[in-house]
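Engineer: Sequence:
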Amino acid sequence: MRDEGRRKLLGNIFGVVLPLATILAVLLLVPGAAATPVPQVDRDGDGMDDSWEEKYGLNTSRDDSMEDPDGDGVKNIQEYKDGTDPFHPDASSKDIERNKNLLLLGIGIAVGIAGIASSVGIGIAGSTASGAAAEKPDLKAKMMIFESLPMTQGVYALVITILLLPAFEKASVMSQQAVGFAGLAVGIAYGLSSVSAIPQGMIASASISAMSRNKEIFGFGLIYTVISETLALFGLIAAIFIMIYSGLR
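In case it helps, my numbering puts the sequence shown at residues 165 to 413.
Because the hints were derived from the structure by calculation, they are not lab data.
Being a predicted model, the structure only gives us computed values, none of them experimental.
One or more hints might be untrue.
Here are the simulated DSS-like pairs of lysine-lysine, each with C-alpha atoms no more than 30 Å apart in a straight line [to be verified]:
id : residue 1 : residue 2
1  : LYS334    : LYS304
2  : LYS258    : LYS239
3  : LYS245    : LYS300
4  : LYS264    : LYS334
5  : LYS334    : LYS245
6  : LYS304    : LYS245
7  : LYS258    : LYS379
Build the full structure now, drawing on both the sequences and the hints.
Structural biologist: So this is what it looks like as structure tokens:
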């Protein structure tokens with residue numbers, strides 16, 4: 165019984181605590197988006213500090229927040245939030261649009277591939293669990309744990325989406341030449357690594373079958389199933405490093 169307790173503890177650590185701790189550490193360690201500056205003096209009520217407007221020769225007596233004097237496709241209010249010069253083109257609007265499209269494509273690849281892989285893995289494990297639960301109804305809860313494990317690749321894709329989307333509205337980021345391709349690289353790197361959800365579903369299915377014959381296999385089965393998920397974790401970490409070093413975060 166003591167050995168079984170240790171196996172269950174190890175299974176819980178690998179299956180639940182480790183992925184959650186990884187996500188939490190990533191969210192805490194990755195620099196967040198800069199906070200939107202709060203105007204100290206804003207007599208014209210356009211959301212931009214008067215001292216900043218005076219510095220760049222903008223009008224402090226009327227709302228000129230939606231104007232674009234440098235013609236780069238970035239409005240004055242966004243230039244103020246990003247801390248950039250409203251009279252110096254950051255990039256052409258075509259370049260910014262291209263980077264945004266590539267970023268969205270990267271998010272779509274990450275979420276799409278992860279969603280397909282997770283659904284296949286869940287289906288494989290779930291079909292086995294449905295049959296085994298009829299014979300061993302007392303093990304239904306444990307079988308559900310195995311079935312849910314391939315879902316984590318989809319959760320990681322959601323984390324990537326949350327980390328990438330703030331850059332979409334930052335013109336100072338979208339005007340950089342390589343960020344669009346970096347966003348695409350993030351999607352490809354994580355999307356392909358998330359395919360590990362399919363073999364994870366196969367291992368979960370085999371573990372469910374084994375557990376229905378010998379319930380003591382639960383702990384080891386959980387560890388076997390989670391080991392295949394480490395590839396998705398590595399893909400998530402690699403994707404985050406791409407974000408950091410490309411300027412997306």
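Engineer: Now look at each hint and say whether the structure bears it out.
Structural biologist: Here's how the hints hold up against the structure:
no., hint, result
1, LYS334 to LYS304, "violated, 48 Å"
2, LYS258 to LYS239, "holds, 15 Å"
3, LYS245 to LYS300, "violated, 60 Å"
4, LYS264 to LYS334, "holds, 10 Å"
5, LYS334 to LYS245, "holds, 8 Å"
6, LYS304 to LYS245, "violated, 53 Å"
7, LYS258 to LYS379, "violated, 60 Å"
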